[in-house]
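J.: In case you want the letters, here they are:
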Amino acid sequence: KNEVEQSPQNLTAQEGEFITINCSYSVGISALHWLQQHPGGGIVSLFMLSSGKKKHGRLIATINIQEKHSSLHITASHPRDSAVYICAVGTPGTYKYIFGTGTRLKVLA
Amino acid sequence: DAGITQSPRHKVTETGTPVTLRCHQTENHRYMYWYRQDPGHGLRLIHYSYGVKDTDKGEVSDGYSVSRSKTEDFLLTLESATSSQTSVYFCAIEATPSGVGTDTQYFGPGTRLTVL
Numbered sequence: 018k019n020e021v022e023q024s025p026q027n028l029t030a031q032e033g034e035f036i037t038i039n040c041s042y043s044v045g046i047s048a049l050h051w052l053q054q055h056p057g058g059g060i061v062s063l064f065m066l067s068s069g070k071k072k073h074g075r076l077i078a079t080i081n082i083q084e085k086h087s088s089l090h091i092t093a094s095h096p097r098d099s100a101v102y103i104c105a106v107g108t109p110g111t112y113k114y115i116f117g118t119g120t121r122l123k124v125l126a
Numbered sequence: 414d415a416g417i418t419q420s421p422r423h424k425v426t427e428t429g430t431p432v433t434l435r436c437h438q439t440e441n442h443r444y445m446y447w448y449r450q451d452p453g454h455g456l457r458l459i460h461y462s463y464g465v466k467d468t469d470k471g472e473v474s475d476g477y478s479v480s481r482s483k484t485e486d487f488l489l490t491l492e493s494a495t496s497s498q499t500s501v502y503f504c505a506i507e508a509t510p511s512g513v514g515t516d517t518q519y520f521g522p523g524t525r526l527t528v529l
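Chains A and B are the protein sequences, given in the same order.
Each residue of the first sequence is one higher than the one before, starting from 18 at the first, in the working numbering.
Each residue of the second sequence is one higher than the one before, starting from 414 at the first, in the working numbering.
Hints may contain errors.
Below, a list of computed lysine to aspartate or glutamate pairs in the EDC-like style, where the Cα atoms sit at most 16 Å apart [said to hold, decoys possible]:
#1 Lys123(A) - Glu34(A)
#2 Lys72(A) - Glu84(A)
#3 Lys113(A) - Asp469(B)
#4 Lys113(A) - Asp516(B)
Worth flagging that the hints you see were computed from the coordinates, not collected in a lab.
Using the sequences and the hints, build the whole thing.
T.: Next comes the structure, spelled out in structure tokens:
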């Protein structure tokens with residue numbers, strides 16, 4: 018069993034829909050990261066969370082440390098949000114990360 | 414983008430040949446990483462470096478070696494490439510975004526390597 022699990026693996030939505038991507042982890046973490054990988058391959062960091070909630074534009078990330086679970090929400094989705102979203106956790110006392118396999122999102126116009 | 418470049422961006426090579434990938438950063442970050450990305454797997458750590466000449470193995474280090482003789486350059490070498498090393502390779506650095514006081518990773522654009 019992977020230490021970082023994401024769901025769903027694939028998601029297709031219509032433009033304007035509210036989207037939720039989930040990440041569960043089974044290890045102790047120093048922080049949780051959400052990354053976005055566009056079809057061209059580049060990877061960018063969206064959020065780093067150690068508690069609570071963060072918001073940037075239409076993106077909202079939450080984390081529940083007790084339940085070892087994080088969600089990434091996209092409000093008013095748009096075709097340009099189409100990408101692979103990757104959850105990663107930092108391991109305490111190290112600079113190593115464990116990555117989920119990603120959620121492939123496609124938003125249709 | 415934290416000033417990270419990778420070279421080459423694409424490479425096709427034959428089994429048994431040596432290959433070196435270069436990661437270059439311009440901002441003197443201490444921590445640098447090499448990952449590979451394959452379908453059905455998350456990014457997997459090959460090696461990382463925590464300073465000049467200081468490196469350590471990741472979870473998929475077999476068949477790979479690294480060197481860091483300068484802060485700005487982190488080299489990944491496949492001594493004798495195999496078809497199982499066909500992958501997309503990403504370099505990353507650990508940075509503290511200014512004013513935030515936390516660490517996050519910034520990724521290079523990736524190198525697509527095909528071993529025939």
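J.: Taken at face value, is the distance from the CA of Asp469(B) to the CA of Lys113(A) at most 16 Å?
T.: Holds, at about 11 Å.
J.: For a C-alpha distance cap of 16 Å, please report whether Lys113(A) and Asp516(B) respect it.
T.: 12 Å, holds
J.: Does the structure keep Lys72(A) and Glu84(A) at a Cα separation of 16 Å or less?
T.: 21 Å, violated
J.: Holds or violated: Lys123(A) and Glu34(A), Cα atoms, limit 16 Å.
T.: Since the Cα atoms of Lys123(A) and Glu34(A) sit roughly 12 Å apart, the hinted pair holds (cutoff 16 Å).
The earlier numbered hint that this structure contradicts is number 2, and it is the only one.
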